[in-house]
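Residue numbering for the sequence shown follows our numbering, beginning at 1 and increasing consecutively.
All clues given are correct.
As a list, the in silico SDA-like pairs of lysine to any residue whose alpha-carbon atoms are at most 20 Å apart: (1) LYS166 <-> ARG24; (2) LYS88 <-> PRO100; (3) LYS53 <-> ALA214; (4) LYS172 <-> THR105; (5) LYS166 <-> THR105; (6) LYS53 <-> VAL210; (7) LYS66 <-> ALA20; (8) LYS66 <-> ARG114.
The following label-pair restraints were derived from C-beta to C-beta distances: (9) GLY134 <-> VAL210: 29 to 35 Å; (10) PRO183 <-> ARG71: 37 to 43 Å; (11) ASP175 <-> ASP123: 22 to 28 Å.
Hints were generated in silico from the structure; no laboratory data involved.
Note that the coordinates shown come from a computational prediction; the quantities given were computed from them, not determined experimentally.
No residue lacks a Cβ here, since even glycine has one placed at the ideal position from N, Cα and C.
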Amino acid sequence: MRPLLFALLFGSTVAPRAFAVEFRIDDAWGRDTVQFRTTAPIEDVVGSTNQIKGKVVVDPKDVRAKGTQGRIEIDQRTFKTGLGLRDKHLAGKLKAEENPTAVFTLTGIKSGPRSLDPDKPADFVLAGTLQIAGVTKNVEIPAQLAYLPHKEATAKFRPGNYLRIKSDFDVKLSDYGIDRSGPVMSMQVGETAHVSLSILATDASDEELVNYRAGAKKWLGSDARTN
Numbered sequence: 001m002r003p004l005l006f007a008l009l010f011g012s013t014v015a016p017r018a019f020a021v022e023f024r025i026d027d028a029w030g031r032d033t034v035q036f037r038t039t040a041p042i043e044d045v046v047g048s049t050n051q052i053k054g055k056v057v058v059d060p061k062d063v064r065a066k067g068t069q070g071r072i073e074i075d076q077r078t079f080k081t082g083l084g085l086r087d088k089h090l091a092g093k094l095k096a097e098e099n100p101t102a103v104f105t106l107t108g109i110k111s112g113p114r115s116l117d118p119d120k121p122a123d124f125v126l127a128g129t130l131q132i133a134g135v136t137k138n139v140e141i142p143a144q145l146a147y148l149p150h151k152e153a154t155a156k157f158r159p160g161n162y163l164r165i166k167s168d169f170d171v172k173l174s175d176y177g178i179d180r181s182g183p184v185m186s187m188q189v190g191e192t193a194h195v196s197l198s199i200l201a202t203d204a205s206d207e208e209l210v211n212y213r214a215g216a217k218k219w220l221g222s223d224a225r226t227n
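The whole structure should be built from the sequences, with the hints applied where relevant.
This is the structure in structure tokens:
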């Protein structure tokens, strides 16, 4: 009788248990993208890459729980700007050989709703650290998140349930030790880079992802992401 009595008296006050889900970032089709743009007196420079991987651990029903965390890695060596020589200069400025990846480490949610309603994007501020060119800074980044449950109509894009991540923010290059001094460089590259991030992460199982990558390999050949 005691367990029943306890449940009747206190059951309504006990918080529901949160279940964090691991959403992985590693699209074999290469559709996840990061783009940057700098504006300077002579020109705008736009670069992008689809070499992104990582994971986000979050409970869609309790986004702001303490267990929310993540890591997004971007291969700095693979940014393309439309000019091969400029790409080489960019890799040098980013110290890409010594520090191949730019990394955003998510440590928590600064502001936003408590939960993610299915199929309804919501605005958040993400807290964490951003590492670029080997320099790490504490940051707060605006982002739009959406939890997209599995549907037959979307299963062809990627297996599992989805976490859609979109973000636009500015990076001051000097904060990360990126040198743009000199009369030519200062006229070609702006002080700030505007960064746009678009990711679709999935909670698919290992087996589902293996099959998904095999399908991408069949269609894309050597262009498919395999890691």
